[in-house]
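Residue numbers (the working numbering), protein chains in the order written: chain G, 1 to 449; chain A, 450 to 688.
If you are wondering where the hints come from, they were derived from the structure by calculation, not from laboratory data. Values in this document were obtained by computation on a predicted structure and should not be read as measured data. Positions of the beta carbon are idealized from the N, C-alpha and C atoms, including for glycine. It cannot be assumed that every hint is accurate.
[Unchecked claim] Label-pair distances were calculated between CB atoms; the ranges are:
| id | chain 1 | residue 1 | chain 2 | residue 2 | range |
| --- | --- | --- | --- | --- | --- |
| 1 | A | Gly464 | G | Arg302 | 34 to 44 angstroms |
| 2 | G | Val363 | A | Ala507 | 45 to 55 angstroms |
| 3 | A | Arg504 | G | Ile227 | 28 to 38 angstroms |
| 4 | G | Leu127 | A | Glu524 | 15 to 25 angstroms |
| 5 | G | Arg213 | A | Gly514 | 47 to 57 angstroms |
[Unchecked claim] One-sided and incomplete, this derived list gives chain G residues near chain A with beta-carbon spacing under 7 angstroms:
| id | residue |
| --- | --- |
| 6 | Leu423 |
| 7 | Gly425 |
| 8 | Arg427 |
| 9 | Thr428 |
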Amino acid sequence: MTDAATPSPPRFAFGAALKSAALSAVVALGLFGLMVGIRTETGPTGSLIYWTRFGDVALLVAAVFLGRFLRVLAFGDGPIRLQRLVPARWQEASAGGERFARLMPGRNLGGIFSIALLGFALVAPILFFNNRYALDLGILVLTYVMLGWGLNIVVGLAGLLDLGYVAFYAVGAYSYALLAQNFDLSFWVCLPLAGILAAFWGLILGFPVLRLRGDYLAIVTLAFGEIIRIVLLNWQNVTGGPNGISSIPRPSFFGIPFNNDDDGFAAVFGLDYSATHRIVFLFYLILMLALLTNWVTLRLRRLPIGRAWEALREDEIACRSLGINTTNTKLTAFAIGAMFGGFAGAFFATRQGFISPESFSFVESALILAIVVLGGMGSQLGVAIAAIVTIGGFELFREFAAYRMLVFGGAMVLIMVWRPRGLIGTRTPSVFLKQRKAIAGALVGEGRG
Amino acid sequence: MTALLEIRKLEAAYGRVVALKGIDLDVKAGEIVTLIGANGAGKSTLMMTIFGYPRARAGTIRFDGRDITAMPAHEIAKLHIAQSPEGRRIFSRMTVFENLQMGASISDPQHFDDNIARIFALFPRLKERINQRGGTLSGGEQQMLAIGRALMSRPRLLLLDEPSLGLAPLLAKQIFKAIRTLNEQDGLAVFLVEQNAFHALKLAHRGYVMVNGAITLSGSGEDLLKRPEVRAAYLEGGH
Numbered sequence: 001m002t003d004a005a006t007p008s009p010p011r012f013a014f015g016a017a018l019k020s021a022a023l024s025a026v027v028a029l030g031l032f033g034l035m036v037g038i039r040t041e042t043g044p045t046g047s048l049i050y051w052t053r054f055g056d057v058a059l060l061v062a063a064v065f066l067g068r069f070l071r072v073l074a075f076g077d078g079p080i081r082l083q084r085l086v087p088a089r090w091q092e093a094s095a096g097g098e099r100f101a102r103l104m105p106g107r108n109l110g111g112i113f114s115i116a117l118l119g120f121a122l123v124a125p126i127l128f129f130n131n132r133y134a135l136d137l138g139i140l141v142l143t144y145v146m147l148g149w150g151l152n153i154v155v156g157l158a159g160l161l162d163l164g165y166v167a168f169y170a171v172g173a174y175s176y177a178l179l180a181q182n183f184d185l186s187f188w189v190c191l192p193l194a195g196i197l198a199a200f201w202g203l204i205l206g207f208p209v210l211r212l213r214g215d216y217l218a219i220v221t222l223a224f225g226e227i228i229r230i231v232l233l234n235w236q237n238v239t240g241g242p243n244g245i246s247s248i249p250r251p252s253f254f255g256i257p258f259n260n261d262d263d264g265f266a267a268v269f270g271l272d273y274s275a276t277h278r279i280v281f282l283f284y285l286i287l288m289l290a291l292l293t294n295w296v297t298l299r300l301r302r303l304p305i306g307r308a309w310e311a312l313r314e315d316e317i318a319c320r321s322l323g324i325n326t327t328n329t330k331l332t333a334f335a336i337g338a339m340f341g342g343f344a345g346a347f348f349a350t351r352q353g354f355i356s357p358e359s360f361s362f363v364e365s366a367l368i369l370a371i372v373v374l375g376g377m378g379s380q381l382g383v384a385i386a387a388i389v390t391i392g393g394f395e396l397f398r399e400f401a402a403y404r405m406l407v408f409g410g411a412m413v414l415i416m417v418w419r420p421r422g423l424i425g426t427r428t429p430s431v432f433l434k435q436r437k438a439i440a441g442a443l444v445g446e447g448r449g
Numbered sequence: 450m451t452a453l454l455e456i457r458k459l460e461a462a463y464g465r466v467v468a469l470k471g472i473d474l475d476v477k478a479g480e481i482v483t484l485i486g487a488n489g490a491g492k493s494t495l496m497m498t499i500f501g502y503p504r505a506r507a508g509t510i511r512f513d514g515r516d517i518t519a520m521p522a523h524e525i526a527k528l529h530i531a532q533s534p535e536g537r538r539i540f541s542r543m544t545v546f547e548n549l550q551m552g553a554s555i556s557d558p559q560h561f562d563d564n565i566a567r568i569f570a571l572f573p574r575l576k577e578r579i580n581q582r583g584g585t586l587s588g589g590e591q592q593m594l595a596i597g598r599a600l601m602s603r604p605r606l607l608l609l610d611e612p613s614l615g616l617a618p619l620l621a622k623q624i625f626k627a628i629r630t631l632n633e634q635d636g637l638a639v640f641l642v643e644q645n646a647f648h649a650l651k652l653a654h655r656g657y658v659m660v661n662g663a664i665t666l667s668g669s670g671e672d673l674l675k676r677p678e679v680r681a682a683y684l685e686g687g688h
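Construct all of the structure, not just a fragment, from the sequences and the given hints.
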């Protein structure tokens with residue numbers, strides 16, 4: 001019995017470990033020999049020059065050999081169980097948290113954590129007023145939180161895999177830039193217009209893909225994202241092509257510009273002029289936009305349309321036979337998701353002051369999708385945490401330069417191994433009935449009838 | 450009296466493979482009608498074609514005198530035909546209550562409490578599991594949920610595709626009992642597709658036998674149970 005409860009790791013013999021490590025080293029040599037061993041570059045005359053780096057290869061192969069040797073010695077050849085890696089104390093602690101959450105379905109850990117996070121976001125500009133870098137990072141993170149929440153409607157709720165979400169971000173950004181420059185419209189007029197235009201493009205994407213699901217849908221949306229980017233790149237006389245659009249008007253505080261003039265923000269409110277005022281304003285602006293996205297999503301989840309999205313994610317045939325119009329359901333998901341992408345795009349344009357197609361490459365779509373998947377599809381809090389971790393992590397590992405992507409990929413693999421359904425993988429029901437009250441009432445109704 | 454569901458010369462195909470070859474079938478109001486047949490005979494296709502997916506290639510489907518052959522599925526559901534499709538297809542990440550809510554998509558919200566109370570009276574197990582996720586229910590409970598979800602729309606006709614599939618005999622019996630209760634108490638018309646021929650025919654007022662996309666036999670349930678060709682092919686042959 002005790003053996004079954006705590007399986008002791010199969011101890012591999014020294015020889016077996018050595019053999020396995022040697023085998024891995026050979027594979028590593030084959031892989032790294034060419035990839036790392038020979039470095040090629042275009043020389044000054046345009047000819048190809050190369051040099052060898054066999055020292056690095058030797059180091060890598062040695063590292064693989066040693067790592068494999070130790071791994072087989074310690075854990076055996078099979079998969080490593082989580083139980084053996086995470087100390088028992090930690091496991092108990094996390095189980096305790098879940099138990100706590102079960103006891104208090106209304107105000108669970110997630111709820112408390114969300115409020116704390118929101119509180120921190122609200123006071124962050126005051127805390128970091130003199131730290132321009134932190135504020136800029138905060139704005140960046142919040143932009144991705146908003147994009148994540150927007151994509152979450154399409155991918156997390158409606159279950160439609162969209163690899164071209166950045167297209168709507170681009171539509172929003174260019175809508176704002178072009179409307180503001182050519183027609184001299186203010187940010188607050190352009191913002192809803194950018195959202196509407198993006199939603200319109202969401203519908204345009206939605207119609208041809210109505211019958212597609214899964215992989216096929218993903219490919220078409222991927223292509224759509226690229227089409228938008230390439231059109232922006234080549235439509236020189238409207239979008240400026242690769243040069244992009246510069247000197248996009250900065251947002252004003254309801255008509256009051258953030259400058260050092262007599263009618264500027266600082267003068268009107270009797271403050272000393274500081275360039276940070278505008279940054280703080282942008283911070284609160286994106287925070288409000290993100291919260292709007294969140295609020296709308298949470299409301300919609302409780303309405304028939306939101307329930308239909310989730311049902312569609314679960315089973316399309318069942319939806320159809322229950323009288324749900326799957327066409328409308330899909331199109332609204334695309335359109336509303338795209339609309340929030342458009343809002344975020346308009347914000348991006350006004351913050352940067354300069355946009356070009358380079359900002360809207362596929363990598364952005366992939367990053368936003370990664371945030372949604374890592375967060376746990378459909379979970380609002382999970383997406384927010386994933387955005388903070390991903391974007392924050394990116395900044396944190398900036399000094400690793402080229403290895404940043406490696407660290408990022410490794411972290412993603414680890415999260416998917418430990419939490420295959422994302423950081424917050426459990427879906428919160430849109431209604432939670434207190435058994436006694438709600439159902440007893442329903443049964444009394446039956447008694448009457 | 451004209452039938453509630455009237456199918457005439459119905460043909461359907463998947464690409465070039467013809468699945469239904471001219472089906473004639475009636476379900477009258479207040480009747481339980483069973484369709485039996487072997488795997489791949491086209492039973493489920495008929496069920497799906499009634500709901501417009503795949504579309505009928507020829508022939509007509511009428512419900513209550515109205516031609517529904519070319520209607521989109523969600524419009525058909527609004528006429529109060531409910532379907533519990535093959536393989537149950539419950540929404541597994543949603544709770545029992547949310548599943549039932551989805552079933553009520555087309556019905557008047559005023560009747561919601563009434564309807565749910567009726568379903569809980571029929572399947573008390575669902576009431577116990579109200580906040581549980583659909584995917585964590587047992588097979589029998591999932592089937593109860595699939596039927597309950599279909600009933601939430603207050604249907605006039607209930608289409609059931611293999612409700613006993615993969616259930617223990619005792620549970621299958623419970624499901625069949627519930628179908629009979631629905632029929633006797635509320636006069637609900639039921640069109641049942643089954644492989645479990647014995648129980649299904651015993652339950653049914655009338656039955657049809659389908660072979661290779663065509664109806665080969667029809668008659669009262671008892672009648673069909675006695676027919677030697679039915680006994681040989683569907684009752685004694687298999688198990």
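Consistency of the hints with the structure:
1. Distance hint for A/Gly464 and G/Arg302: a CB-CB separation of about 42 angstroms, consistent with the stated range 34 to 44 angstroms.
2. The given range of 45 to 55 angstroms is respected by G/Val363 and A/Ala507, whose C-beta atoms sit roughly 52 angstroms from each other.
3. Taking 28 to 38 angstroms as the suggested C-beta distance range, the pair A/Arg504 and G/Ile227 conforms, at roughly 32 angstroms.
4. The hinted range of 15 to 25 angstroms is not satisfied by G/Leu127 and A/Glu524, whose Cβ atoms lie roughly 57 angstroms apart.
5. Look at G/Arg213 against A/Gly514: about 36 angstroms separates their beta carbons, and that is not inside 47 to 57 angstroms.
6. Among the interface hints, the one on G/Leu423 is violated; its C-beta lies about 17 angstroms from the nearest C-beta in chain A, farther than the 7 angstroms criterion.
7. Restraint check, G/Gly425 versus chain A: the minimum CB separation of about 10 angstroms is more than 7 angstroms; hint violated.
8. Nearest Cβ of chain A to the Cβ of G/Arg427: about 5 angstroms, under the 7 angstroms cut. The hint holds.
9. Of the supplied interface hints, the one on G/Thr428 is violated, with its beta-carbon coming no nearer than about 10 angstroms to a beta-carbon of chain A, more than 7 angstroms.
When each numbered hint is compared with the structure, violations occur for hints 4, 5, 6, 7, 9.
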